[in-house]
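Novice: Protein chains in written order, with the numbering used here: chain A, 1 to 716; chain B, 1 to 141.
No wet-lab data here; the hints were simulated from the structure.
Don't be surprised by glycine CBs; every beta carbon is placed ideally from N, CA and C.
Errors might be hidden in some of the hints.
Mimicking DSSO-like on lysine-lysine, the simulated pairs with C-alpha atoms at most 27 Å apart in a straight line are [said to hold, decoys possible]:
no.	chain 1	residue 1	chain 2	residue 2
1	B	Lys-54	A	Lys-527
2	A	Lys-547	A	Lys-446
3	A	Lys-435	A	Lys-469
4	A	Lys-444	A	Lys-305
5	B	Lys-63	A	Lys-657
6	B	Lys-134	A	Lys-657
7	B	Lys-22	B	Lys-42
8	B	Lys-94	B	Lys-82
9	A	Lys-179	A	Lys-95
10	A	Lys-615	B	Lys-42
11	A	Lys-527	B	Lys-22
12	A	Lys-363	B	Lys-94
13	A	Lys-561	B	Lys-54
14	A	Lys-477	A	Lys-435
15	A	Lys-336	A	Lys-527
16	A	Lys-657	B	Lys-18
17	A	Lys-527	A	Lys-615
18	B	Lys-94	B	Lys-18
19	B	Lys-94	A	Lys-683
20	B	Lys-54	A	Lys-305
21	B	Lys-42	A	Lys-561
22	B	Lys-42	A	Lys-657
23	B	Lys-94	A	Lys-657
With beta-carbon atoms standing in for the labels, derived distance ranges [stated by the list, open to error]:
no.	chain 1	residue 1	chain 2	residue 2	range
24	A	Glu-319	B	Asn-69	43 to 49 Å
25	A	Ser-491	B	Asn-72	46 to 52 Å
26	B	Arg-31	A	Pro-613	42 to 48 Å
27	B	Arg-31	A	Val-326	17 to 23 Å
28	A	Glu-576	B	Asn-69	49 to 55 Å
29	B	Arg-31	A	Asn-348	29 to 35 Å
30	B	Gly-53	A	Val-582	25 to 31 Å
31	A	Pro-613	B	Gly-113	51 to 57 Å
32	B	Gln-8	A	Leu-15	54 to 60 Å
33	B	Gly-113	A	Val-588	44 to 50 Å
34	B	Gly-113	A	Glu-576	39 to 45 Å
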Amino acid sequence: MASIYESSEMIGAFLDEVEEQLQFLEEGILELEQKEEKPELIQKIFRVAHTLKGSSSAMGYDKMKNLTHEMENVFDKIRNNLLKIDNTIINVLFKCLDCLRMLKDDYLENKNDTKIETSELLEELREILDCKSNCVCKENQEKKTEAEKSDSYSLTDSEIFVLQDSDRSLLKSAVLEGKSSLVCQVKIPKDSLMKATRACLIFNSLNEIGQVIASSPNIFELPDDCEVTLINYLIVTEMSSKELKSRAEYELMDVEEVKVSEYMPANVKEEKKAKQNLGEEKQVKCKKGNSDKRCSQTVRVDTEKLEHMMNLVGEMVIEQTRIAQVGNILHGRYTKDTTVDDLMGISNHISRVVSELQETVMKARMLPLQQLFNRFPRLVRDLSNSLNKDVDLILEGGDTEMDRTIIEDITDPLIHLVRNSLDHGIESTEIRKAKGKPEKGILKIKAFHQENHVIITVEDDGAGMDLEKIKRSAIEKNVITEQAAENLSQSEIVNLIFENGLSTAENVSDISGRGVGMDIVRNHIDKLNGIIDVETKEGEGTKFTIKLPLTLAILTGLLVKIHDETYALPMSNILEIVRKPVSEIESVNKQSIVVIRDRVLPLIWLHDYFGLPRKKNKKNVFIVVLGTAEKRFGIVVDKLVGNQEIVIKPLGSYIGKVEGISGATILGDGSVACIFDVVGLSKMINNKVVKESINIRANNEVKDVDDKNSKTTEGI
Amino acid sequence: MNDLLDIQFIAYELANEKYALKISDVFEIIRMQQITPVHSNKLFLEGVINLRGKVIPVVNLHKRFGLPNYTNTKATRIIVVKSRDEMIGIIVDKVSQVIKFDDIQPPPEMVAGIDGEYFEGLGITQDGVVSLLKIEMVLYE
């Protein structure tokens with residue numbers, strides 16, 4: 001039978017909801033583990049389990065329903081203080097969470113025929129319920145009956161209903177209109193099945209008689225199988241109490257007893273007291289109300305549509321720059337024509353609108369990093385448990401927003417870094433004690449905006465890196481030669497960790513140590529045009545700083561000229577621009593180098609690679625210092641044109657991959673400029689083969705340049 | 001060979017030699033514009049141009065066939081062809097006309113110093129012989 005629950009939209013909505021609720025659940029359980037049990041927290045978790053149960057049973061997904069049902073039972077016991085939270089419970093809950101995730105993932109493929117086994121977990125959950133609750137149960141039963149008794153007595157004089165402001169005003173206005181507010185107490189027979197459902201039915205039939213404002217206990221939050229027998233309904237009606245009673249007895253079936261009494265709005269003092277008691281619960285309610293409201297104001301949009309919008313905006317940005325440029329030319333040509341002034345005005349206005357549009361579309365693609373950060377508490381918890389380490393995780397700046405695609409791409413590298421920090425960085429408790437450090441290690445992940453970038457730092461107060469060890473390992477694994485290793489500076493040694501195949505871990509574990517991790521981290525960050533920096537102090541800790549662009553589609557570029565060709569450099573890779581006398585450029589092993597701020601940087605003359613003549617008779621040259629991942633180098637440019645928003649266009653498959661160039665962009669005058677791929681440029685330095693072959697080709701055309709080049713070398 | 005007789009061709013000139021392309025291969029013909037060089041290892045790739053917001057590559061057929069390089073005159077055009085779902089511009093010295101051929105001969109081994117493999121055949125007109133290029137082969141091999 002094809003039901004609407006089998007339609008892809010329903011399934012999509014269901015999976016989305018489950019994902020969201022699981023996220024809440026995870027947060028909740030993590031919080032539960034750390035803090036004392038707080039009623040509002042447990043209430044929240046309980047509600048999540050309840051929602052999950054509801055939606056999974058609506059979809060006919062029995063396994064998930066059963067599992068959440070048992071979980072709900074456990075939470076219910078915790079909520080009613082029948083169960084103390086301990087580690088075993090938390091662990092079982094986490095297992096449930098994982099199982100739910102698997103169930104969710106499996107649903108797409110196998111629907112209800114999932115092969116994932118839940119019976120074991122169900123057993124465990126039941127065990128918890130049985131062994132722990134039995135002892136407390138009896139005691140509680142007594143309490144409950146007692147409570148029932150006291151309930152019936154205190155009916156008229158205390159505020160037993162949880163009223164929200166809207167309810168209260170409703171009550172007030174009803175009373176003003178001459179209606180009476182009555183409390184209808186209904187007793188459901190003890191042997192009746194599905195008491196919660198019955199309570200709802202009673203609620204509905206009473207709603208026909210008058211208006212039910214509230215019930216105590218709140219029937220909408222009752223678990224299906226709760227053993228509630230006495231329910232109070234607060235009703236606003238035109239009937240008197242006697243009328244209501246007879247009417248209710250007539251209408252309601254399968255009810256043991258109906259009592260009706262006047263509802264006395266409690267005096268201020270009691271109200272306050274009740275407020276304190278119920279404050280927490282109310283808070284949760286308010287929050288829920290808010291989120292409901294927000295939901296209705298958002299629309300789920302296919303990311304492809306957003307992508308397309310971004311492309312269109314990109315086109316507009318280009319055309320806008322062109323309009324402005326043409327306007328300027330016309331303005332120069334027809335100074336007296338006021339139409340041109342109009343054109344300029346319109347062009348200015350459009351440029352404002354376009355840039356605002358661009359910003360808005362970009363923002364629409366942004367997501368807070370929080371959703372990435374949410375994964376870390378669990379990861380850190382599991383890892384530190386399995387490694388027997390005690391680690392405090394500090395997350396800062398989760399509200400920092402970034403492009404969705406970048407968040408996706410940065411997830412893996414960050415997880416790698418966190419794993420590394422936990423595995424190699426932070427020492428075990430004993431070692432830390434011996435070293436005189438606080439027993440608990442600290443892992444801090446921080447995100448913040450800096451100009452057009454997002455900076456993410458991962459910092460631990462662990463052992464730091466042993467430079468000698470890295471060096472030795474690099475030589476052993478043939479990453480560098482012994483000779484080369486001798487000449488490396490400290491930062492260069494640290495950067496060796498990004499090389500493929502390098503690991504300083506003595507043991508390969510399932511967590512890390514295979515020597516591929518940092519290599520992957522670097523590749524990912526390269527791909528995003530990001531920069532990674534490492535600071536480490538032996539014995540004190542390590543800090544990774546990742547600098548990422550806000551978005552990928554449109555970037556700010558620096559336009560430069562090499563000979564008379566215009567090129568764009570992604571601003572995010574530019575560290576600084578310096579002007580240096582040509583005489584300060586030196587050459588080592590045929591590689592030009594320059595010292596900038598006490599740092600030796602390799603220098604690329606792209607002129608040589610492109611077969612263009614170097615500018616002669618110039619005392620100073622502009623050097624743009626670039627950084628990609630951990631590499632730093634400079635390129636020589638002839639002229640700086642300025643910075644501009646550029647839209648990346650692919651060169652197409654006919655041209656294919658061109659070394660050092662990532663794409664092209666269209667400039668304000670309609671001409672095309674190539675965009676340098678900084679990673680590709682950095683590879684040019686090491687790639688001697690390419691260099692030589694190009695030199696041979698370039699030799700004929702730029703012989704004079706080479707001559708001059710060798711002369712300067714001799715001069716030095 | 002006979003089905004080629006029904007098709008219209010665009011005749012153009014490279015270094016005073018007459019060539020033609022199937023009209024269905026041609027996307028549009030534009031005037032010469034500023035070409036941004038791309039320094040790749042494809043030697044006959046002249047660079048890229050902006051065709052209404054799209055970046056498309058431009059190929060120098062003179063270099064491709066080892067002819068004396070073109071000089072930019074008023075008659076110089078870029079023929080934009082569509083090949084393998086991609087637009088590629090080729091520089092020609094002059095675009096003359098749209099023609100149909102009465103007779104098409106299979107290509108000899110060499111045509112004007114170029115390997116015969118690159119040609120569909122030779123079109124015969126009253127004014128002389130026109131070489132019909134296999135554009136895909138020229139671009140990709």
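Novice: At the C-beta level, are Gly-113 (chain B) and Glu-576 (chain A) separated by a distance inside 39 to 45 Å?
Specialist: violated, 53 Å
Novice: Quick check: does the Cβ-Cβ distance between Gly-53 (chain B) and Val-582 (chain A) fall within 25 to 31 Å?
Specialist: Violated - the Cβ-Cβ distance for Gly-53 (chain B) and Val-582 (chain A), about 40 Å, lies outside 25 to 31 Å.
Novice: Take the C-alpha atoms of Lys-179 (chain A) and Lys-95 (chain A), compute the straight-line distance between them, and say whether it is at most 27 Å.
Specialist: Not satisfied, since the Cα-Cα distance of roughly 53 Å exceeds 27 Å.
Novice: Please work out if Lys-54 (chain B) and Lys-305 (chain A) have their alpha carbons no farther apart than 27 Å.
Specialist: holds, 20 Å
Novice: Assess, step by step, whether the Cα of Lys-63 (chain B) is no farther than 27 Å from the Cα of Lys-657 (chain A), and give holds or violated.
Specialist: Holds: Lys-63 (chain B) and Lys-657 (chain A) sit about 21 Å apart, inside 27 Å.
Novice: For the pair supplied as a hint, Lys-547 (chain A) and Lys-446 (chain A), confirm whether the alpha-carbon distance does not exceed 27 Å.
Specialist: Holds. Lys-547 (chain A) to Lys-446 (chain A) sits at ~12 Å (cutoff 27 Å).
Novice: Do the alpha carbons of Lys-527 (chain A) and Lys-22 (chain B) lie within 27 Å of each other, as the hint requires?
Specialist: Distance ~42 Å between Lys-527 (chain A) and Lys-22 (chain B) Cα, so the pair is violated.
Novice: Taken at face value, is the distance from the CA of Lys-42 (chain B) to the CA of Lys-22 (chain B) at most 27 Å?
Specialist: holds, 25 Å
Novice: Can the restraint linking Lys-435 (chain A) and Lys-469 (chain A) be considered satisfied, given a maximum Cα separation of 27 Å?
Specialist: holds, 20 Å
Novice: Quickly compare the C-alpha distance for Lys-615 (chain A) and Lys-42 (chain B) to 27 Å and report which way the hint goes.
Specialist: holds, 26 Å
Novice: Holds or violated: are the alpha carbons of Lys-42 (chain B) and Lys-561 (chain A) at most 27 Å from each other?
Specialist: With a Cα-Cα distance of about 23 Å, the restraint between Lys-42 (chain B) and Lys-561 (chain A) holds, given a limit of 27 Å.
Novice: Return holds or violated for the Cβ distance of Pro-613 (chain A) and Gly-113 (chain B) against the range 51 to 57 Å.
Specialist: Hint violated: Cβ distance 32 Å, outside 51 to 57 Å.
Taken one by one, the earlier hints fail for this structure at numbers 4, 9, 11, 12, 14, 15, 16, 17, 19, 23, 24, 26, 28, 30, 31, 34, listed in ascending order.
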